[in-house]
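From first to last, the protein sequence lines stand for chains A and B.
Numbering-wise (my numbering), the first sequence opens with residue 47 and increments by one.
Numbering-wise (my numbering), the second sequence opens with residue 118 and increments by one.
Just so you know, these hints were derived from the structure itself, not from any lab.
Idealized CB from N, CA, C, for every residue including glycine.
Honestly, I wouldn't trust all of these hints.
Output of the computed footprint for chain B on chain A, the stretches with three or more beta carbons under 8 Å from beta carbons of chain B [what the hints assert, rightly or not]:
1. 139-148
2. 181-190
3. 233-245
4. 249-258
5. 262-268
6. 290-297
Pairs of lysine-lysine residues, derived as DSSO-like cross-links and limited to a Cα-Cα distance of at most 27 Å, are as follows [stated by the list, open to error]:
7. B:K500 with A:K255
8. B:K160 with A:K83
9. A:K260 with B:K160
10. B:K260 with B:K394
11. B:K519 with A:K301
12. A:K83 with A:K211
13. B:K260 with A:K301
Chain by chain, the residues:
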Amino acid sequence: MQPSVNVVSLVSVGRHPQSDRSRRADQDARAVELGLKLAGKNLTLVHAGDPENPVLRQYAGMGLDAFTVLRQKSYSDVLPIIGNFLTENNAHVVLMGIRAESGESSGMLPYLLAEKLGWPLLSRVADILHVENGKADVLLALPRGQRRAVTVSLPFIATVDNAAKDARQSAYGPGIRASITVLDAEQTADNMAASWAISPAKPRAKRMKVVKAKNAADRFKAATAKPVGGGGNVLKQGTPAEKAQAIFDLLLEEKVIR
Amino acid sequence: MSNLIRRDPRAERIARNRLHPLHASMMLAEQGEVRGPSGLIRKNPHLVGFIGPNGLKRIDRANAFAGTVNRQKRVSTAQEVVLPLHQVVNPDGYIVVVPDMVGGRLTSQDKDILGLAHSLIAQKGTGKSANMAVVAVCFGESKESQFDLAGVDRLIHLSSDVFDGFTPEARLSALMQVEAQYQPEHWLFPDSVNGGTDLASRLAARLGERPATQAWQVSTTQTVCRGASASTDITRETPRILMLLEECGTAIDETRHEVLSLSVESYDQVPARLLDKGLMSVDPNAVPLAEAEFILSAGNGIHNWDQFHECASVLGATEGASRVAVDDGFMPRTRQVGASGTWVTARVYLAVGISGAIQHMQGIGQCGKVVAINTDAGCDMVKRADLAVIADSEAVLAELTKLVQEHHASKVQEEKHNAA
Ligand SMILES: Cc1cc2nc3c(=O)[nH]c(=O)nc-3n(C[C@H](O)[C@H](O)[C@H](O)COP(=O)(O)OP(=O)(O)OC[C@H]3O[C@@H](n4cnc5c(N)ncnc54)[C@H](O)[C@@H]3O)c2cc1C
């Protein structure tokens, strides 16, 4: 990749879904993986938070000699400092996860950054094919395993989908040896979040099928009858060609064949 | 015809009076079956036999006198119920819902959110502030015919082709215009991978509002959201912009709504910084079966397997199979659809030569449109299908393959023509 393209991966501290221990966040690690593909060793790895956190070493252990931490207390707003850092460092491609694994995990940070910097944003990126001449060809991950190709001009922000390439394993030793640059930044407290009540997640009740029937016969029927489709169209007459045409028309109308 | 059972007193009188000159002929004429309200055949034990001359009940095994008093058969036609119309005249406020409209239709999540919007209005009570309308904003082509039953009071349909495909920027600018024009009380979005989250986040960032994400319990004052990858619940004040999880509310099912269209004045045509290059063709068989959008499924009625595989690749469909096809070794186990295989969610499910055993039907419960090709018009798959074709599978698949190939060829021609 051209050295002129400045790729930044923003990472956070993740949380293991079962054990609750901190770990490298899955999507963030994929963002680092994608960054390594684009920029190799020149990838800038940035975290806003506590520089002492050992989890950050796991990201560095993916093959980076150095990373940057913008020192922040927990529960403060990271938007201003990250925004400033990106403009000062002349970033071209900013990669991050879709949602953090801890905190509010609203997934708003990329959008707020894009709005603040006035950059275009692509969410749920599966791959960045190449970056050249100030443009990037990007593959977006759509539901049902589909992909969409999009071209975007630099600089831009991208959030990385779970469909992107798996993160490589982290090497412990190189991670420990990586050097940290700590930048002190002003703190902006998140006042609104302070008023929220946070509790462990309550399991949600499964929705039950309630039959609103006025009489017993209808309730009985609802409980026993086989569900029937709303009286579909049955084609008995005609040649196979006509029947195939009917199916073809339906497929075309549903846009499953293009 | 009305479903009411009408009594015929004269016929009853004649039926009671064995000495009536018309008794025998009338009783013979009425040996029809009687159906109960659920459609089952009912035997009326009181009508079996007659009272003999000595005052005892006699049963005539020769069936000469059997008959029914109720002349008319009860026809159990499912009556079309017309739900009461919910009207909002001159609304004082709006709640805007931006549904995903996957494939041009409301998803169940969209319907739940529309229901939630109405429950928010209902919580405000009666009074001036409660005279609000639920507005749905939908982009692009719409195939939905039941907006009224889903609870849409007002509809903003932006069908211009600038919204086709991947156009978050154009959609955002249209939403900004809606915001300026109608100042909705709340913006409700599905928190989904189908674009709802993306659009909502863009709008929230542009408006500088702090949205509630992954919300699942919403009242007018308080919202409970999932946080920290769904391991915590955050209880907070209800903000203006909400992104809602599945089953956050209950869909409307007791009222009809007006679906009056609202207009949006011209919105800014923003220069697109994201250039959509269209969908990539992915290998349909690399898509997990449970997620596949379009499945061509084979059963015991397939005899030409090469043709089936060719047809699937021409159609661009993911292959599925019934258990019999798998057990016979024609398809791998991973392709089996049904209770002991994969539960699929395809938008279009094309079942070829599958009879529709209950174990198979369980697996396709969540499919949208089902198309059946079968030689047996009476099988369960044909009953479930939205379109059923009664024909030999081999002939229909051959024709279908030909049609799709012609379609692709004409597409390529057109593109060449356009490029030239
Ligand atoms: C515990 C258990 C679990 C099971 N789990 C599953 C499961 O997960 N998935 C599953 O699929 N099954 C499952 N089954 C099996 C299921 O009960 C049925 O046996 C099976 O689904 C039938 O498959 P079929 O429809 O392909 O075959 P058949 O029932 O034989 O149906 C063949 C159909 O093809 C039609 N046909 C024949 N020739 C042609 C032709 N030339 N052109 C067009 N149509 C033709 C016939 O009219 C018929 O309708 C399970 C059974 C059990 C007991």
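Problem set entry | In rising order, the numbers of the hints this structure does not comply with | 8
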